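**Student:** What follows is the residue order along each chain.
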Amino acid sequence: MSKELTPTDSYRRRFLGGIGALAAAAFGSGVIVNVARARSPDEAVTGNQRWGMLIDTGKCADGCDECVKACNDENGVTGHGRPETDAQWIRTVTLREKATGRTTKLPMMCQHCEYPPCVDVCPTGASFRRDDGIVLVDKHLCIGCRYCMMACPYKARSFIHEVIMDQKHNAPRGKGTVESCTLCVHRIDKGETTTACQDACTKAGHNAILFGDLKDPNSEISKRLANEPSTQVRGDLGLNLGVRYQGI
Amino acid sequence: MKTIAYREIEGTSAGYYVLLGVLVVLIAIGGLSALYMEHEGHHVTGMTNQIVWGMPHVFAVFLIIAASGALNVASVGSVFGKTPYKPLAPLSGLLAVCLLMGGLIVLVLDLGRPDRLIVAMTSYNFKSIFAWNIFLYTGFLGITVVYLWFMMERRMNEYSSKAGLVAFVWRLILTTGTGSIFGFLVARSMYDSAVLAPMFIIMSLAFGMAIYLLVLFSAYHGTGRALGDATVRRLKNLLGVFIAAILLIVLIFHLTKLYGTQYHGVERFILLDGGIYTFLFWGVQIGLGCIVPLVLLYAPATASSRGAISLASVLVVLGGLAAMYVIIIGGQAYPIEMFPGWEVQSSFADGVVHEYAPSMYEIALGVGGTALALAMVTVGIKVLRFLPLSLADADVE
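Chains as they are written, first to last, in the numbering used here: chain A, 1 to 248; chain P, 249 to 645.
It is worth saying that the hints were derived from the structure and are not from the lab. These numbers come from a predicted model, not from an experiment. We put the beta carbon where it would ideally sit given N, CA and C, even for glycine. You can trust all of the hints, since none of them are fake.
Computed spacing ranges between beta-carbons, pair by pair:
{"#": "1", "chain 1": "A", "residue 1": "F128", "chain 2": "P", "residue 2": "W397", "range": "40 to 46 Å"}
{"#": "2", "chain 1": "P", "residue 1": "V417", "chain 2": "A", "residue 2": "G76", "range": "46 to 52 Å"}
{"#": "3", "chain 1": "P", "residue 1": "A442", "chain 2": "A", "residue 2": "T231", "range": "26 to 32 Å"}
{"#": "4", "chain 1": "P", "residue 1": "V417", "chain 2": "A", "residue 2": "N227", "range": "54 to 60 Å"}
{"#": "5", "chain 1": "P", "residue 1": "V273", "chain 2": "A", "residue 2": "T231", "range": "55 to 61 Å"}
Could you put together the complete structure from these sequences and hints?
**Tutor:** Structure, rendered in C-alpha cells:
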C-alpha cells in the first residue's frame, strides 16, 4: 500500500489541523483570560477587576498626614489658603467613640461605591463608575451643579471654587467643576499596582493602607478581607464600598 | 354668566415706568453679580465645600415651587369647574410661566459652568432626578403656554379645560420632582424623607397664592380697575387653607423624623439649638409665615381688609423663603452622620455645624431672578390681554 498522500489527503490533514489549532486557540485564550486577570495598558477596562483599599485604622499613626501630602503632590491638589473652599481629595479623620472614649484615626476619601449616589444623581452623566470600580468625574461633562456633593454620604468631593494653575497632566482640574479621589487611576492605567497614599504610608513605616484587586482571590487585599474582620463606613446604606476599614 | 372682557393695561403711568425701572435695575445688578461670580469662581460667595448650595438655591427653589402654585387659581377654575375663578386664570398662567423662568435662570447662573448648559440638554443620566426635572420644567412651560393660548384664543376655548387638567397633573408631578431633589438624598439626616414631596406641593399652593394675590392687588390698584370683595374673599380663604395645610405637613414631617432615634440630632438642631435655623424655623417660617397670616386672614378686625391680606401675603412669601433657607442651608449645615456613635474631627469640617454667610452677590442673583419674573409679568399684562377689565362682583358672578 502506498504511503504517499494524495492531494485530497493532504488537504484533509491541513483542514483538520486548522480546525484543531483554532479550537485550541479559542479554548486556550479563554482559559488564559480566566486565570490571569492583569490588564495591559492598551486593553479596555473590564469588570474582571474591582480596585479597592483596606485601611487598618490601628496602624494609622497620630499626627501623621503623609498620605494627604502624597495625594496632593501626585495629583497637584493645591490650595489657596482658604480651607473652606480648597479641595481635599483625602483627609485624616479623628474619631472618639462616645460610649467608651476610645479614639482612633483614619484617612477618608472617595469610597468608590459599587452603587454610587453621586453617579445616580448626576444629571449629565459626568459622574461615572468604570467597570473596574473606580468612580470618576468626566471634566468635560460636569456642569458644576454640585448635586453629587449633596448626595455623597462621605463628603468625598470638592468643588473648584477658583482658577487653578500648574495642574498635573495626570489630573486635569478646572474651576467650576467637581472632583475627588481617582484611586490614582493614571497609575492603574499604566499597569502600576499602588496608589500614592499607599506608597507614602508604607514609606512612613505604618502600612495602614493596602490597595488591590478585590476580585482577584490571590491578591493580598482579597486574602486579608477573607480572613480578617473589616467594615464599610455607613454600610447600612448598602452601597458596597471599594474602601474597607479595620478597627472601627 | 356675563362675558368677561380682557384688556391690556395701559402701562403709560409714571408708576408703571418706575416699577419697571426698579425691576430692570435689580435684574442688571443680579446679572452683573452672576458674571462676577462666574469670573472669579464661587470662592467669592458664601458657599463652600460644606454648604454647596446657598442663597441662589433658596431663591430658585422658592420661585420654582411658587410657579407651580401660582397656576393653582387657573386649576380651580378649569379642573374643578369653579366659574368665578375663570376670569383669574390667564394671570395665573402668566405668573406661573414667569416665576418658573425667574427661578430657572437663577439656578442656571449659579452653575459652576453655566456655559455648559447645552451639555445639560444633550447629555442625560435618566436615573438622575435632576435630569427628570429638566423635562418637568420645560414641559411645564410648554403646557402652560398652550393652556394660556387655549384660554385666550376664542376658537380654542373648548379645549382649555382639558389643557388645564394636563397642566394641573403636570404641576403636581413637577413639585413632587422638586421636593424629591431633597427627599432622595439618603445621606443627609434633614432630607431622606418621602414627605418632602407632598410638603413642597402644599407649600407651593400657599407661596403661589400669596404671590398671585400681591400681583393681582398691585395690578388692579395700579390700573384703577374694579376688584370685587367676593373674589378677594375667595382667594384669601384659599390662602388660609393652604397655610393651615403647611402647618399640618410640617408637623407630620418633623413627627416622622422624631419617631426614629437616628434623626433626633438633626431635629434637635432645627427645633431647639440650631441658632439662626431654629430662629428662622419658629420665628419666621412658622410664626411670621403661618400663624400671623392666619390671624390676619381670619380675625374679624382684619379679615376683609385688603391691606391686612396684602401683609399676610408678604409674610407668607417671607415665611416661604425662610422655609427654603431652613431646609436647604440648615439641611447642609447639620453635619453628615458618617460615623454614628463617634465624635468626629477633621480638616474638612467633619462633625461640626457648617458656617454659612451668604454674600451680597448670591442675594443679588436671587433678587435679580425674582425681579425678572415680575418684570415679565409687568410687561406681559401690557402687551397681551391677561387681565379682565373688571373683576367687580357683579361682573364675575
